[in-house]
Amino acid sequence: NVCAALKEQFNWFWVGFYLIKNEELVLGPFQGPVACTRIKRGKGVCGASWDKNEILIVPNVDEFPGHIACASASKSEIVLPLYKGENIIGVLDVDSEYLAHFDEVDAKYLNQIIKLLDA
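Just so you know, the numbering used here puts the end of the sequence shown at 396, numbered straight through with nothing missing.
If you are wondering where the hints come from, they were derived from the structure by calculation, not from laboratory data. Careful: at least some of the hints might be erroneous.
To be verified - Taking lysine-lysine and the BS3-like style, the derived pairs with C-alpha atoms no more than 30 Å apart in a straight line are: (1) Lys320 with Lys298; (2) Lys329 with Lys352; (3) Lys361 with Lys317; (4) Lys329 with Lys392; (5) Lys392 with Lys284; (6) Lys298 with Lys361; (7) Lys352 with Lys284; (8) Lys320 with Lys361; (9) Lys329 with Lys298; (10) Lys385 with Lys298; (11) Lys392 with Lys352; (12) Lys320 with Lys352.
To be verified - Pair by pair, the computed Cβ-Cβ distance ranges are: (13) Lys385 with Glu285: 28 to 34 Å; (14) Ala384 with Arg318: 19 to 25 Å; (15) Glu374 with Val279: 19 to 25 Å; (16) Val303 with Gly362: 17 to 23 Å; (17) Glu300 with Asp380: 29 to 35 Å; (18) Phe341 with Lys361: 26 to 32 Å; (19) Pro306 with Ile345: 27 to 33 Å.
Heads up, the beta-carbon is just placed ideally off N, CA and C, and yes, glycines get one too.
Go ahead and model the full structure; you've got the sequences and the hints to work with.
What follows is the structure in structure tokens.
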């Protein structure tokens, strides 16, 4: 329901979770068009966020080295690590059809939302 609520409230193009299984990110709950089902560590924005263990804000996905284009309509992206305690267990991936759609304010509040999932 988190994905549905975020997508509906903000009208983002795609919202979903990728969870770490067997050393790769595997598609979890999401809202939006069909997505890539598996992403290797360090690959694309999601894999880079996992590898670096940090929030990544990408104003233009076409300029991100190694971007994985699951949907051509996606223009900008924000990815946040998801934790269980101190351990990273996946990422929250949010895509927009607009360039430079995400900023530090989005990062702050999305991070607060995903911290509630660990509660």
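For each hint, the structure was consulted:
no., hint, in the structure
1, Lys320 with Lys298, "15 Å, holds"
2, Lys329 with Lys352, "22 Å, holds"
3, Lys361 with Lys317, "20 Å, holds"
4, Lys329 with Lys392, "18 Å, holds"
5, Lys392 with Lys284, "18 Å, holds"
6, Lys298 with Lys361, "14 Å, holds"
7, Lys352 with Lys284, "16 Å, holds"
8, Lys320 with Lys361, "22 Å, holds"
9, Lys329 with Lys298, "17 Å, holds"
10, Lys385 with Lys298, "26 Å, holds"
11, Lys392 with Lys352, "26 Å, holds"
12, Lys320 with Lys352, "17 Å, holds"
13, Lys385 with Glu285: 28 to 34 Å, "21 Å, violated"
14, Ala384 with Arg318: 19 to 25 Å, "21 Å, holds"
15, Glu374 with Val279: 19 to 25 Å, "21 Å, holds"
16, Val303 with Gly362: 17 to 23 Å, "20 Å, holds"
17, Glu300 with Asp380: 29 to 35 Å, "32 Å, holds"
18, Phe341 with Lys361: 26 to 32 Å, "27 Å, holds"
19, Pro306 with Ile345: 27 to 33 Å, "19 Å, violated"
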